[in-house]
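Novice: With the hints as constraints, model all of the structure from the sequences given.
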Amino acid sequence: MIDSKVLDYDYDEEQVGFKEPPKAETKPLTLFEKLSLGLVGVGVLLFIILLFNTPLRGTWSGFFLAYGPLVIGGALYFWLSYKDTEPGIKNDGNFFRNITSRGYLAWIAGIFMTGFYVVLYWWPQYLEGGIRILDPHSQLISGAPANQWFLYGFIYTIAVLVFGIRMLMKYRGNRYQQIRTMSVMTVQLGFAFLLPNILKLFSQPEFYFSYFWPLKYDYLFPSSISYFTSSSAGLGLFFVFWGLVMTFVAVPVLTYFFGKRWYCSWVCGCGGLAETMGDPWRQLSDKSVRAWKIERWMIHSVLVFIVIVTAALWINSFTEGRVLGSFSGPAAKWYGFLIGAIFSGVVGVGFYPLMGSRVWCRFGCPLAAALGIFQRYFSRFRITTNGGQCMSCGNCSTYCEMGIDVRAYAQQGKNIIRSSCVGCGVCSAVCPRGVLKLENGKTYGDRFEGSARPIQAFIDSMKHVP
Amino acid sequence: MHIAIIGNGITGVSAAIRLRQLKPDWKITMISGESDYHYSRPALMYIFMGHMRYKDTKPYENSFWSRNDIDLVRGWVTEIDVGSKRLIMHKRDPIYYDKLLIATGSKSNKFGWPGQDLIGVQGLYDLMDLRDLSENSEGVKNAVVVGGGLIGIELGEMLHSRGIHVTFLVREKSYWDNVLPGEESSMINRIIKRENMELLLETELKEILDDGHGRVSGVITNKDERIDCGIVGLTAGVSPNIDLVKGSSIPSGRGILVDSGLRTQIEDIYSAGDCAEIVTEGEGRNLIQQVWYTGKMQGKVVGETMAEMDSVYDPGIWYNSAKFLNLEYQTYGQVNNAQGLLSIPDEKNVYWEHGNHLHSLRLVHNGSEVLGVNVMGLRYSHKVCESWIRDRRSPEYVLDNLSQANFDPEFFRKYESEIVGRLREQII
Ligand SMILES: Cc1cc2nc3c(=O)[nH]c(=O)nc-3n(C[C@H](O)[C@H](O)[C@H](O)COP(=O)(O)OP(=O)(O)OC[C@H]3O[C@@H](n4cnc5c(N)ncnc54)[C@H](O)[C@@H]3O)c2cc1C
Ligand code: SF4
Ligand code: SF4
Chain F
1 MIDSKVLDYD YDEEQVGFKE PPKAETKPLT LFEKLSLGLV GVGVLLFIIL
51 LFNTPLRGTW SGFFLAYGPL VIGGALYFWL SYKDTEPGIK NDGNFFRNIT
101 SRGYLAWIAG IFMTGFYVVL YWWPQYLEGG IRILDPHSQL ISGAPANQWF
151 LYGFIYTIAV LVFGIRMLMK YRGNRYQQIR TMSVMTVQLG FAFLLPNILK
201 LFSQPEFYFS YFWPLKYDYL FPSSISYFTS SSAGLGLFFV FWGLVMTFVA
251 VPVLTYFFGK RWYCSWVCGC GGLAETMGDP WRQLSDKSVR AWKIERWMIH
301 SVLVFIVIVT AALWINSFTE GRVLGSFSGP AAKWYGFLIG AIFSGVVGVG
351 FYPLMGSRVW CRFGCPLAAA LGIFQRYFSR FRITTNGGQC MSCGNCSTYC
401 EMGIDVRAYA QQGKNIIRSS CVGCGVCSAV CPRGVLKLEN GKTYGDRFEG
451 SARPIQAFID SMKHVP
Chain P
1 MHIAIIGNGI TGVSAAIRLR QLKPDWKITM ISGESDYHYS RPALMYIFMG
51 HMRYKDTKPY ENSFWSRNDI DLVRGWVTEI DVGSKRLIMH KRDPIYYDKL
101 LIATGSKSNK FGWPGQDLIG VQGLYDLMDL RDLSENSEGV KNAVVVGGGL
151 IGIELGEMLH SRGIHVTFLV REKSYWDNVL PGEESSMINR IIKRENMELL
201 LETELKEILD DGHGRVSGVI TNKDERIDCG IVGLTAGVSP NIDLVKGSSI
251 PSGRGILVDS GLRTQIEDIY SAGDCAEIVT EGEGRNLIQQ VWYTGKMQGK
301 VVGETMAEMD SVYDPGIWYN SAKFLNLEYQ TYGQVNNAQG LLSIPDEKNV
351 YWEHGNHLHS LRLVHNGSEV LGVNVMGLRY SHKVCESWIR DRRSPEYVLD
401 NLSQANFDPE FFRKYESEIV GRLREQII
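Sequence order for the protein chains is F and P. For the first sequence, the residue numbers in my numbering are 1 to 466. For the second sequence, the residue numbers in my numbering are 1 to 428.
There's no promise every hint is true.
A short list of chain F residues far from chain P (calculated; beta carbon distances all over 12 Å) [said to hold, decoys possible]:
1. Trp79
2. Ile155
3. Trp242
4. Phe327
Some, not all, of what chain P presents toward chain F, calculated at C-beta under 10 Å [to be verified]:
5. Ile10
6. His51
7. Lys58
8. Leu130
9. Gly163
10. Ser321
11. Asp408
12. Glu410
Coverage of chain P stretches by chain F, computed from C-beta distances (three or more under 8 Å per stretch; other residues unrestricted) [what the hints assert, rightly or not]:
13. 28–36
14. 137–151
15. 243–250
16. 322–334
What the hints contain is simulated information worked out from the structure, not anything from laboratory work. Being a predicted model, the structure only gives us computed values, none of them experimental. Note that CB positions come from ideal geometry on N, CA and C, so glycine has one too.
Specialist: Now the structure itself:
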């Protein structure tokens, strides 16, 4: 006999789903947490005041007043809110909290960030106030007044550092996450912010060691190369050499040994921001097979596009404009506008709160595409699964920022070998059954059936385009 | 040929997928009253805690089922009409089958406690319980969870995440020490207390109190202590769900009785997973296995026997894993509980625990062969541990090769040299 209560059960879990359960008591903020949030509030106020032409704007005092309370308050709050918790996974309420589950706050944040990028790229004159606040800092490290790009670099770095502290605290029990986060914080601060500016101070071209072609697409354009080599003989040549080595040696070699993670979740600034400020939204990536198909078409098209544009520019330059003269220039401009500005900035970061933290890295980055091809076919990196321990809960897939359905592999006991995997290691961190492990094996040949013959595997994969 | 499967849990699903591989043109219908699609039962807690939405717990996209031509029916089977091979459905037309798989899972145990049917008293097994828990926790500040086990600690963690104060009533001397050895079990006692939950050991539920309106207002323990609460979680184990076959011609004991090919004694009716009781020939006890991976394995085997293959269910070397709050646990092979320790012939235990009580490792051996491994706060490789046990490796061999089994993420602190040093002293 079946219980009558059971027979009456016909809840529509598909449409109605399960709402947030009641909460008995929210942990009250401690005094210090309140103070740190208060500091953030004061910081916002001071920041807004300093945007206007007050006498303090443009002085060191103005700089510290505008950013000091914001940065210290924010970092302190993150530190305090995690410091007394047990090390472990802290995803409670992610799908209930408005800001992390596409609620109205997420829309506000998304529109705000998208708008900021639009203004930054096309109407920087309206950011004048914010730019002037940074003048003393810019003078000190680069010897020139600040401009919109200095402002951008500064805010970007601050975001990586402050949210980096959040990340370090949130993953207190996980050394992989901590070391990786320290790496992206250091690279962002040192190589993507301080060093390029200091180079300017010494009248050298502004150069980013942590970016290279095809992500930094113009580094292999003929115009940049001639600019670097002509502007400062010794160092400029070294920059060109460095860029070539990164693109043509580091990409295949380091990816062979470590997978694309050596760059995407340890070095890259785009990855750095995604892994720090983007972390609260990682669960919003689309895991459907449909999204995977779109991803493959898009990202590889961008790679093909930039290869063609670069090649055209070189042909144009060798033939002194006789061949492809009218194509290459405009094509490079369009690439810069569509991919460089709109995609990587406006959509890539602006949409964090709505589409997750890696929209650009997953759908648009040509370097990720190139690294991904090596990772998929010619790398020792793999995520292994622990025998039969998976119970298909779905935490790994949910928290994969790249939208990889990790569970689909784990529940079959298969290795996860996906070109898009940035090796962030969060799937392994959140797995409650200890199933996943990121590893560099001794060879590339034992990762999946057929992986011993990478070229054949690549050709086969082209044949079954879904 | 029409196959009907009652239950869309891991067992039913594994059988359906295996059958589809083997028999591309058979008609397969999978029936469940609980949900339209298969979801992961162990993930129930994460929905409640907001780690995932319900839809994230579904291991396959909805389109998977139509692509594989597996028909899904949402509804309750009320009776199996063995004679005319049909399933009587609640508020639906009957379903006719040629072969039937019963994979109805388990039910939470209720031991006839006074007040166990009050509002606010519930188990944690299915989506119905999840919905009830949400409703029942409205305005509740205190909860009592009865019975220490894997589901109990999950329920405790769920309520705790919503700011509800949890008190565990545990009959044993130490948490889950009817399964775990004493030391591991004490580690759990410790972390429960660290999270500010109440743990009452050697305490049993005597009575559940009515607030006068049919809702729970508290419990009385066997020590005549009264604890006020708005929710009572009953998690004192689960039993095979045999409601459908009780009183029918399909023989059942504690579970639905099947042979090693997972066939019942009635022609064309099979059963597997949590609800099945595998009759072992000879002296051994019948086998009832109520975990995820056994459901998966049994589902695959029963799919094969239904497709007329000669498959036999081989339980293999036991393993399992769980998580107690933040403490991960994995086990391989034979490890005895606190009471039964040293009941395997010549059983010897060597054990290491970190000073912070958050990592431990136990090897069970009989002098010449390793029989079991327990790890807490460490991840160990299933493949490696299983091979030690299967290949009857000596304890010395295992210690020499211990680090091969470590499955912790990169850069995690490695304790193997400390462990090996400590365990070698104990083995000599
Ligand atoms: C909270 C919780 C956590 C767990 N965690 C773990 C874990 O971490 N690891 C682990 O190994 N195991 C775990 N388990 C156990 C594991 O979930 C079960 O062993 C497994 O789900 C059993 O699968 P099954 O397919 O045999 O049965 P079930 O999953 O129970 O599926 C049976 C289905 O049949 C349906 N059904 C029953 N009767 C009828 C009927 N008359 N008509 C229509 N439909 C019917 C039921 O509604 C149900 O949907 C957990 C269980 C619970 C409850
Ligand atoms: S998180 Fe772990 S247990 Fe859950 S589906 Fe992923 S691999 Fe499996
Ligand atoms: S598969 Fe895992 S390691 Fe790779 S990107 Fe996704 S979460 Fe990160």
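Novice: Give a verdict on every hint.
Specialist: Structure-based check of each hint:
1. Trp79: holds (20 Å)
2. Ile155: holds (30 Å)
3. Trp242: F/Trp242 is indeed farther than 12 Å from all Cβ atoms of chain P, at 28 Å.
4. Phe327: holds (42 Å)
5. Ile10: Hint on P/Ile10: holds, closest Cβ of chain F at ~7 Å, below 10 Å.
6. His51: holds (4 Å)
7. Lys58: holds (8 Å)
8. Leu130: Nearest chain F Cβ about 6 Å off; hint holds.
9. Gly163: Where the cut-off is 10 Å and the nearest Cβ of chain F is about 4 Å from P/Gly163, the hint holds.
10. Ser321: holds (5 Å)
11. Asp408: holds (8 Å)
12. Glu410: Hint holds; P/Glu410 Cβ to chain F Cβ min 5 Å, cut 10 Å.
13. 28–36: holds (count 4)
14. 137–151: With 5 residues in contact (Cβ-Cβ under 8 Å with chain F), the coverage given for the stretch 137–151 of chain P holds.
15. 243–250: As far as the stretch 243–250 of chain P goes, the hint holds, because 4 residues have Cβ atoms under 8 Å from chain F.
16. 322–334: It holds: at least three residues are needed, and the stretch 322–334 of chain P offers 6 whose Cβ sits within less than 8 Å of chain F.
The structure shown violates none of the earlier numbered hints.
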